[in-house]
Every structure is written in C-alpha cells, then in structure tokens.
Amino acid sequence: MANKMNKPTMNEDKYAPLLSPWRVKAKISLIFFVILFFLIYSSEQTGVNFADLIWGLSNMGQIFDKLFPLNFDVLGPAFDRLFETLHMAIIASTFSTLIVIPVSLLAAHNITSNWLVYNTTRLTMNVLRTIPDVVLAVIFVGIFGTGVFGGIVALFIFSLGILAKLISETIESIDMQPVEAMRASGANTIQAIAYGVAPQIMPQFTSFSLYVFEINVRASVVIGLVGAGGIGQLLMNQFSFNNYGAVMTIIIVIFAVVILIEYISGKIREAIL
Amino acid sequence: MSQQLPPKKPRTPKQIARNIAIALAVLALYIWTFVSINIDWGRVLDRFTSNYDVVLPQLFSPNWARAGEVVEMMIETIFIAYAGSLAAAILAVPLGFLAAINMTNNRFLTTFGKWILSGVRAFPEIILAILFVVAVGPTPFAGILAIAIGSTGMLGKLYAEVLESIDMNVVEAMQANGANKIQIMFHGIIPQVIPEFLSYAIYRFEIDVRASTILGYVGAGGIGTMIFFAYSNRNWNDMGMILLVIIIVVTIIDYASTYIRKKIV
Numbered sequence: 001m002a003n004k005m006n007k008p009t010m011n012e013d014k015y016a017p018l019l020s021p022w023r024v025k026a027k028i029s030l031i032f033f034v035i036l037f038f039l040i041y042s043s044e045q046t047g048v049n050f051a052d053l054i055w056g057l058s059n060m061g062q063i064f065d066k067l068f069p070l071n072f073d074v075l076g077p078a079f080d081r082l083f084e085t086l087h088m089a090i091i092a093s094t095f096s097t098l099i100v101i102p103v104s105l106l107a108a109h110n111i112t113s114n115w116l117v118y119n120t121t122r123l124t125m126n127v128l129r130t131i132p133d134v135v136l137a138v139i140f141v142g143i144f145g146t147g148v149f150g151g152i153v154a155l156f157i158f159s160l161g162i163l164a165k166l167i168s169e170t171i172e173s174i175d176m177q178p179v180e181a182m183r184a185s186g187a188n189t190i191q192a193i194a195y196g197v198a199p200q201i202m203p204q205f206t207s208f209s210l211y212v213f214e215i216n217v218r219a220s221v222v223i224g225l226v227g228a229g230g231i232g233q234l235l236m237n238q239f240s241f242n243n244y245g246a247v248m249t250i251i252i253v254i255f256a257v258v259i260l261i262e263y264i265s266g267k268i269r270e271a272i273l
Numbered sequence: 001m002s003q004q005l006p007p008k009k010p011r012t013p014k015q016i017a018r019n020i021a022i023a024l025a026v027l028a029l030y031i032w033t034f035v036s037i038n039i040d041w042g043r044v045l046d047r048f049t050s051n052y053d054v055v056l057p058q059l060f061s062p063n064w065a066r067a068g069e070v071v072e073m074m075i076e077t078i079f080i081a082y083a084g085s086l087a088a089a090i091l092a093v094p095l096g097f098l099a100a101i102n103m104t105n106n107r108f109l110t111t112f113g114k115w116i117l118s119g120v121r122a123f124p125e126i127i128l129a130i131l132f133v134v135a136v137g138p139t140p141f142a143g144i145l146a147i148a149i150g151s152t153g154m155l156g157k158l159y160a161e162v163l164e165s166i167d168m169n170v171v172e173a174m175q176a177n178g179a180n181k182i183q184i185m186f187h188g189i190i191p192q193v194i195p196e197f198l199s200y201a202i203y204r205f206e207i208d209v210r211a212s213t214i215l216g217y218v219g220a221g222g223i224g225t226m227i228f229f230a231y232s233n234r235n236w237n238d239m240g241m242i243l244l245v246i247i248i249v250v251t252i253i254d255y256a257s258t259y260i261r262k263k264i265v
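Protein sequence lines correspond, in order, to chains A and H. Read the first sequence against my numbering and you will find it ends at 273, with the numbers running on by one and no gaps. Read the second sequence against my numbering and you will find it ends at 265, with the numbers running on by one and no gaps.
Hints are computed from structural coordinates only; laboratory data are not their basis. Here the structure is a predicted model, which means the values were calculated and not measured. Ideal placement from N, C-alpha and C gives every residue a C-beta, glycine not left out. There may be inaccurate statements among the hints.
Each computed DSSO-like pair below joins lysine-lysine, with the alpha-carbon atoms no more than 27 Å apart [claimed, not checked]:
1. Lys267(A) to Lys263(H)
2. Lys9(H) to Lys267(A)
3. Lys14(H) to Lys27(A)
4. Lys165(A) to Lys66(A)
5. Lys165(A) to Lys263(H)
6. Lys27(A) to Lys114(H)
7. Lys165(A) to Lys262(H)
8. Lys25(A) to Lys14(H)
9. Lys262(H) to Lys25(A)
10. Lys114(H) to Lys8(H)
11. Lys25(A) to Lys181(H)
12. Lys181(H) to Lys267(A)
Only some residues are given here: those of chain A computed to face chain H with a beta carbon under 10 Å [what the hints assert, rightly or not]:
13. Leu67
14. Phe72
15. Gly76
16. His87
17. Val141
18. Val148
Just a sample of chain H residues kept apart from chain A, beta carbon distances all over 12 Å, derived [stated by the list, open to error]:
19. Ala17
20. Asn51
21. Gln58
22. Ala81
23. Val134
Whole structure, please, built from the sequences with the hints as guidance.
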C-alpha cells in the first residue's frame with residue numbers, strides 16, 4: 001500500500017476507495033463485532049461466564065492439593081506401558097510410511113493423470129484426516145478388542161491421512177523436467193519415479209516420516225484412554241479411580257518423553273533438510 | 001543397464017562408518033520393538049471374526065433418529081473450539097513477542113519464552129482436559145481451558161516466527177524519526193503481522209474443532225460425551241451418526257478456513 005502512495009499513477013483513482021480510512025475502519029469494526037458476538041454467544045451456549053472463570057482460577061489452588069503429592073509407586077508400570085506406547089508408534093509410523101508411497105503417488109496430479117483415481121484417493125484421504133484419532137481408536141478397539149493391535153491399526157490409519165497429504169503436496173511441487181526427460185529417453189513409469197521423483201522428495205519424505213512419528217507418540221498416549229494399550233490406558237485407569245497423584249506422575253512422565261522425542265526428532269530433521 | 005547410470009559419489013570411510021552405525025541403531029530399535037510388543041494374535045483374530053460383521057455394518061447405517069441431538073452437541077463442540085481458540089489467539093500474542101528475538105533483544109528472555117511454548121505444546125489437549133476436569137469439574141468450561149492452553153503453545157511459536165520475519169527497516173526508520181515504543185508497535189509492527197496472525201488463528205481454530213470433538217470423552221463437554229456413551233454401550237449405529245456429523249462439519253470448516261485464509265494473506 002505504502003508503495004502505491006509514493007508513486008501516483010494514472011490508475012490511482014481506481015485504488016483510492018480502498019485507502020479511504022472510514023471504509024477500512026468500518027470493515028474492521030464489523031469484523032470485530034462479529035467475532036465478539038460469536039464469543040458472547042458461544043460462552044452463553046457453553047455456560048461459561050466470568051464468575052466461573054474467577055471461581056475456576058481460585059480453585060486452581062485446590063488442583064495442586066489433589067494432584068500432589070506425586071505417587072511414585074506407579075512409575076514402574078508407567079515405564080512398561082510407556083515403552084508399549086513407543087512400540088505402537090514405531091510400528092504404526094513404519095507401516096504408514098511404507099503404504100503412503102503408492103498412495104501419495106496416486107494423490108499427486110502430476111503423476112496420476114487419471115482424473116478418477118486421483119480424486120478418489122484424494123477424497124478418501126481427506127475423509128480419513130477428518131476423523132479424530134480417538135474415534136478411530138474406538139472403532140478399531142471395537143473390532144479387534146482392547147489391546148495394542150487396535151491401537152496400532154488406528155494410529156496407522158490416522159498417520160496415513162496426514163502423511164498422504166504432506167507427501168502428495170511435496171510430489172506436486174517437484175520439478176517435472178527430469179521426469180519428462182527420462183520419459184522422453186524411454187524410461188518406464190517405475191524408473192521415472194525411482195530416479196526422477198524419489199531423489200527430489202527424499203529429504204522431505206524422511207522429515208515428514210519423523211514428524212508423523214512425533215505425532216504418533218502423542219496420539220498413542222491419547223488413544224490409550226479408550227483402551228488401545230500403552231500409557232494412556234494406565235492414565236485412564238488411574239483417572240477413573242480418582243487416583244490423582246498417580247495421574248500427575250504419569251502426565252509428568254508423558255511430558256518428559258514427548259519433549260525428549262520432539263527434541264531428538266527435531267535435531268535429526270534439521271540435519272536432513 | 002547398470003553401467004549407464006551416473007557414477008555414485010565416493011564415500012569417505014567416516015561416512016560409511018556413520019551410515020553403518022545408524023543402520024545398526026535403527027535395526028536394534030526395530031528388533032526391540034517387534035520382540036517386546038505382545039499382540040495376542042489368537043484373541044485379535046477371534047474378536048475380529050466375531051465383531052467385524054457387527055461393528056462395520058452398524059457403523060455404516062447411522063442412527064438418524066438421534067441426528068438432532070448429535071448436531072446440537074456438535075454445535076456445542078464448535079463453541080468450545082471457538083472460545084478456546086480465540087482465548088489462545090489473544091494469550092499467544094504476548095508469548096509470541098516474548099519468544100521473538102528481534103522484539104526482546106534478549107537471548108535469555110527469548111529462550112525462556114520458547115521453552116514455555118514448547119513445554120505447553122508437549123501436552124496433548126485431552127491430557128490438559130483431564131487436568132482441567134479435575135480443577136473445575138466436568139463442564140464445557142474445562143474443555144475451553146484445555147483448548148485455550150493447548151493452542152497457545154503452537155500459536156505462540158508461529159507468532160514468534162512471523163515476528164522474526166518482519167521487515168525491521170520500517171521499525172528502524174520509525175525509531176530514527178523519534179517514534180516511541182507504543183507508536184512503533186501500532187504503526188510499525190502490528191500492520192505487518194496482522195494478516196499472518198489472523199491466518200494462523202483461523203488455522204488453529206480448524207485444528208481445535210477436530211481436537212475438541214474428543215474432549216468430552218473425559219467429561220469436558222461437546223460431542224465427545226456422546227462418543228463415550230456410544231462406545232460404552234457398544235452402540236455402533238449412534239457412533240456412525242456421530243462420525244458422519246464430525247466428518248461433514250470438519251470438512252466444511254476446513255474448506256471455509258482455507259478460503260478465508262487465502263483471502264487474508
């Protein structure tokens with residue numbers, strides 16, 4: 001905007017209305033009031049008011065009485081279950097990174113020229129991504145019974161949706177000239193993908209796989225709450241027994257591990273990209 | 001055919017040793033994983049054969065009779081997400097400024113801000129929801145607090161990145177002309193970051209709608225409460241209805257948010 005004001009041109013009149021302050025002000029005020037209206041409306045609908053907030057904050061002292069002292073007896077089982085959670089995340093991430101290769105190729109419009117296949121894959125992946133991890137876990141625990149397996153399948157589907165989107169977008173943004181040159185000199189589709197596409201997306205592919213592993217560690221904690229194994233299951237048990245000291249201990253363990261894994265994975269990703 | 005491929009880059013012994021070490025570490029990780037994971041295949045297979053023709057058909061024939069109730073709870077979910085993300089969008093501004101090095105000019109403060117933000121980000125929303133349900137009781141308010149705190153971590157980090165990438169020439173020019181801190185803030189910094197801040201806040205709202213659908217599972221209000229009851233009663237028709245509403249609403253919000261964000265930035 002500032003540049004336009006410095007260099008008056010013949011067309012200046014055309015842009016002038018946009019710069020008129022009262023219009024901008026009216027627009028901003030309107031947006032502000034719409035946002036405020038929705039806030040008041042949603043606070044009313046969810047039964048929140050400032051009295052609640054003050055009351056809630058004054059109760060924050062009580063939360064510490066409930067959550068402390070920590071219960072260290074739970075540490076042994078917590079670490080066993082924590083490793084189970086990590087195993088679930090590792091297995092699910094591995095399989096989804098393998099399966100996502102064909103899926104993301106099918107969901108990239110510069111590789112898949114068939115309109116129907118491209119759109120079907122895209123739509124399926126978009127729908128998969130809208131389902132919350134816990135709901136997936138509920139369904140697969142319903143099918144496979146409580147335990148690790150249902151959790152792994154849920155994590156697999158969950159991370160497949162995320163990875164497919166990230167990687168197909170990366171594939172769509174690659175330089176197509178090497179691929180075309182290879183096709184012109186007689187490479188078949190597999191060769192063109194292996195030597196034309198794969199080298200271009202390799203760094204992002206590795207980085208996204210690690211990112212999905214991070215997400216899976218966090219999600220596998222969460223899906224444990226519905227009985228899909230891992231540390232989340234232990235957390236939910238202690239929570240339903242109102243054993244808050246143990247709940248806090250488990251939360252601290254989760255917190256430490258999530259931070260640690262994000263730190264390691266972040267360092268690896270920095271080194272790759 | 002192989003001799004027609006371009007020659008490979010020669011590798012130094014150090015690189016080879018490093019690659020072997022990485023490969024061994026990964027291999028060890030996988031062996032550890034697959035050895036210690038205990039999947040009771042017999043039980044899985046048994047449950048699968050007895051369940052799949054019950055669960056899946058029921059899931060795909062949603063219980064339309066409860067559609068009204070489900071939509072009502074979904075609206076409550078959206079309200080939770082809205083109030084939570086708005087609170088986060090505001091809370092994240094000071095934290096974002098704290099974590100941006102060009103705003104504080106103080107390495108210690110910035111590192112401190114970054115640590116707070118990544119600490120907050122490490123908590124999954126539903127864990128925060130558990131904490132707040134303990135603190136303020138099983139109400140939607142607990143859900144709003146969980147969303148607000150959970151989103152602040154990510155928004156603060158993104159805000160800090162936006163602030164670090166602004167054009168500091170504007171700020172310096174204003175300083176040279178004798179503007180005070182507040183003037184620089186309102187005329188030099190805020191106009192540059194408002195579109196990105198808004199865009200990220202809307203993006204976070206999109207994520208929060210998804211996240212708040214499950215908060216009810218621990219009693220923090222919204223559609224998650226229905227998920228909990230449908231799951232406890234193994235009522236897969238209801239679950240199908242809930243799932244359908246979630247998919248439709250989340251898709252609509254995704255598209256709307258993408259459209260608005262394209263308009264803003």
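query: Okay, which hints does this one fail, numbers in order?
result: 1, 3, 4, 6, 8, 10, 12, 14, 15, 20, 21, 22, 23
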